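If you want the building blocks of each chain, they are given just below.
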Amino acid sequence: MTALDSGAALPKTRTEILPALTPLLIALAAFPFIGSVSTFATLTLNSLAMGMMIFTMASGLTLTFGMMDVLNFGHGAFIALGAYVATLVFVPMANWSQADSWPLNLAVFATALVASIVVVGALGFVFERLLVKPVYGQHLKQILVTIGGAIVIEQLLAAAFGPAQIPLQLPASFRGSIAFGDAEVERFRLLATGIGLAVFVGQLLVLNRTKIGLLIRAGVENREMVEALGYRIDRLFVGVFMAGAALAGLGGVLWGLYRGQVQPSMGGEPLVLVFIVVIIGGLGSVGGCFVGAILVALINNYAGFLEPKLALVANILPMLVVLLWRPRGLYPVGGR
Amino acid sequence: MSERLALKGVHTHIGRYHILQGVDFDAPAGKTTMLLGRNGAGKTTCLRTIMGLWRASRGEILLGAKPLHGLAASEVARASVGYVPETMAIFSDLTVKENLILGAREKPLDDIRLAWIFGFFPALKKFWLSRAGSLSGGQKQMVAIARAIVEPRSLLLIDEPTKGLAPAIVGGLIECLLEIKRTGVTIVLVEQNFRVAREVGDFARVMDNGRVIHEGDMAELAADAELQTHLLGLSLEAHQ
Chain F
1 MTALDSGAAL PKTRTEILPA LTPLLIALAA FPFIGSVSTF ATLTLNSLAM GMMIFTMASG
61 LTLTFGMMDV LNFGHGAFIA LGAYVATLVF VPMANWSQAD SWPLNLAVFA TALVASIVVV
121 GALGFVFERL LVKPVYGQHL KQILVTIGGA IVIEQLLAAA FGPAQIPLQL PASFRGSIAF
181 GDAEVERFRL LATGIGLAVF VGQLLVLNRT KIGLLIRAGV ENREMVEALG YRIDRLFVGV
241 FMAGAALAGL GGVLWGLYRG QVQPSMGGEP LVLVFIVVII GGLGSVGGCF VGAILVALIN
301 NYAGFLEPKL ALVANILPML VVLLWRPRGL YPVGGR
Chain C
1001 MSERLALKGV HTHIGRYHIL QGVDFDAPAG KTTMLLGRNG AGKTTCLRTI MGLWRASRGE
1061 ILLGAKPLHG LAASEVARAS VGYVPETMAI FSDLTVKENL ILGAREKPLD DIRLAWIFGF
1121 FPALKKFWLS RAGSLSGGQK QMVAIARAIV EPRSLLLIDE PTKGLAPAIV GGLIECLLEI
1181 KRTGVTIVLV EQNFRVAREV GDFARVMDNG RVIHEGDMAE LAADAELQTH LLGLSLEAHQ
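Chains as they are written, first to last, in our numbering: chain F, 1 to 336; chain C, 1001 to 1240.
Bound-form chain C, shown alone (with noise of 0.2 Å):
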């Protein structure tokens, strides 16, 4: 079952540096909500944040009714949070099927699952038995979402799925997380191409220097150019 997140006055300390300065959004359930902005902004630190990797120094973060902040990443992905980081973090001396072995932490692998995955991921079944980090870039990123969603999540958070992706790959990818998008999870995505932040999103939040500084829908930012160009830097025709 998915469930609303929202991050109330989250700060987040790395070293002496401060890069969450009381970041303040939801992402309501069911819906994908795209967290977009410059380099820098604090993005992945977010998802870092939520996800555990990095503590909150302050504030709050809460999935449905339950409290994430302070608990360890372990906790939070049990939590029914699955988590695509930027760097994808395959683990590239496992085969594909022991990848996403892991990811079903104490359950087997659902054949029903599983066949869903592959309707949209053919290549995972083509090299399930194949080293993950023989895989092309592509495809890895294909082992990093599967791992992700191998058994259902409440909550999604993807780090910049496309990045350093072929723009053929891309389209077929944008497919892929409609199709997840179609099973009701509510997904959180880090995204530097306008054109997939348009198609998948619902709702963008905008960050920049650690705060979220605008919300809304996405079709609204993606229909006003000077919205974007003010918020973004750049227009979405330049990011088509």
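In isolation and in its complexed conformation, chain F is listed as follows (with noise of 0.2 Å):
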């Protein structure tokens, strides 16, 4: 028997370092325009956490558009359903909320959070069964589809709880904010920013540890070929659906908590963000949707410091300027 030839080396990877450090050098630009050293670490800060927000609501749909193809214009009703189910459990733990008491505060917020996600996640099982996988693979009625579902959601959160504002107290001991040198930082922000970077660090080691996460990394690049190898992708799509109802979830009661009141359209402020994010990032790049995050949040606070009216630009300028550069996104998938 002859072997192959193994052929010659493999060409050197480049290490894609350019993209992670976008962030750092928008920072970086904007600092002598901001001037103030407090304040420029204060808008840093603050868009660390509505970044880690924003990432946390987008990392779910991103795996869902970049694995199931599918465009999900109902994820700000999971977002806004997230929210209501946080309020839900907010208000008659009102005593345990409003206690002066980190750990009663800690487990009322634990609580809403798990609660979100049980239920949320539950809701992406029946949206998914129901309305996306008759259309799989028809963008035209997948927009039609998700927006009509979302709407229905929005609805019924209206007929259930009205159509008025809710206010959705945060903990007493979330509320405040916490001095690093001349900066300050609310707390709830730190909170939501190491929330989502758990979520962040929780996503990479599922998809880069364990058996699943290797599924669902082949089956953003190639959904044929994992069902070419045997697995049941239909069974996978409805999981990763679900958890990205979840993540929703989770970003809702962040979300929540961050405007201070919920009310049933609440999904859709932050939804055009998270579709930048996800295309900035790159379809199905859990990296990518970390660092556009970023990226998106430090434009939008330091463009609506500097310039307010320049707030609404700030949105789609760097979604532009990422597709001029690099058209598949910041960390495209291969294959894809």
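Fair warning: there could be bad hints in the mix.
[As the list claims (entries may be wrong)] Restricting the straight-line Cα-Cα distance to at most 20 Å, the calculated cross-link-like pairs of lysine to any residue (SDA-like) are:
| id | chain 1 | residue 1 | chain 2 | residue 2 |
| --- | --- | --- | --- | --- |
| 1 | C | Lys1031 | C | Asn1193 |
| 2 | C | Lys1107 | F | Leu236 |
| 3 | F | Lys211 | C | Ser1074 |
| 4 | F | Lys211 | C | Asp1202 |
| 5 | F | Lys211 | C | Ser1092 |
Source of the hints: derived by calculation from the structure; they are not laboratory data. None of the values given here were measured: they were computed from a predicted structure.
Starting from the two chains in their separate frames, assemble the complex, guided by the hints.
Below, the structure is given as structure tokens:
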């Protein structure tokens, strides 16, 4: 038997470090315009918190978008539902939530997070089986169906809780801010940053250290081949969709607490940013989504401070520039 | 254990196109059957239909006594069918090892089987933990084939494994295909390179316009230049 020649050595793989550095470059570029060190630090730390909230909401969407090729415009409704579930936990547990006790406050918060993850994840299952599954591969129908689904969920929330805003107060211990030198950062934002980072690390561990993660990464690249290897891709799809919905629910809790109130249409507000982050990051790329979320949040906050009238353009501009530079996103997934 | 594959009156529609128009052929157990034909004859569609990636609108596909028609691709794969698509479809963001882990499904990688594969694909051992996307075209083809045979299969469907490869690599690949063939697995091999077909194939099935128009021994077809010209439009000499 003649062994097939092993061929030449592999070409050196370039480490794609520049995309990861873009948030740092943006921060350095913005610093001279902002001037004050404390203002710059406050803005930057707040941006990190906002970025982590956006990442939490977007990371599930990037997997469903990247792997299932599903344009889920119903993601905003999942965010809103997550916030409402949190409200349902916070209201009856108001004594614990407003008590001057870290453990009690954390217990309420943790209960709200778990409840939102479970309820919105379960809704994700129903949503995928009922609405999304029949329109796989049909983008126009997906847009119509998922927007329709989102409207139904929002109207059900409005019918159940009323269309008006409902206050969602931060637990007592999460209020106030912590000083880092001259910079002031709200406690809740630090918590949100920690949760976002935990979600990121957790996703990286699942994707890189487990068989299910291996299948998801493979499925993002080539669904058909995963199926041709003997795996039930539809089961994987529904699992990923549920996880994406659960993450949206988790993000919804953070978003609701950040806003201080909930209302049925609240999921639509961050949805534009979420889609921008998913596109900037590269479809299906969790790492790209993470960098993209920080980038978008930084630009949003810096622009909002320097020239509030540019805030809307500041959301779109980074997407435009990134796509001109890297048409498949900051960290495109191979084969897509 | 290898099994005989039989297609009986298989039709496949893709959208409004009627691609396979009653394909009948069999691939004897433990032998290599070449599926030949001009571009657009329906060879790839035939493999994809067997694999369940496109549904047969009519007809029967049997692996031994087990019907494959109507099964999803994942079920066909679990019926011990390995598939190497024309595009190779390796997972480029995954390492070589991870690609093969997926090929083995629930089972852990078998060290003895791996040593056998490394025997004819030494590059895979060398680049075991490298990203598959960073490999050369020939090495990617090795990953695609190794992934299909990392566990013993009853049937292997291989679609144009030499496409786009340098002639020097094609020679090595022929040796590898012969080695795989020696394990007694049933192979259906789509190939445009007649040299590969002649050296590897036991039987030839020639397709045209979505039908099998010729069935016979590969050696007979290889020896009959007139028949080659008639069936394939080109003589063997032109494809050396």
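So, going through the hints one by one against the coordinates:
1. C:Lys1031 with C:Asn1193: OK: C:Lys1031 and C:Asn1193 at ~19 Å, within 20 Å.
2. C:Lys1107 with F:Leu236: holds (19 Å)
3. F:Lys211 with C:Ser1074: The hint holds at about 17 Å.
4. F:Lys211 with C:Asp1202: violated (39 Å)
5. F:Lys211 with C:Ser1092: holds (17 Å)
Checked against the numbered hints given earlier, this structure breaks only hint 4.
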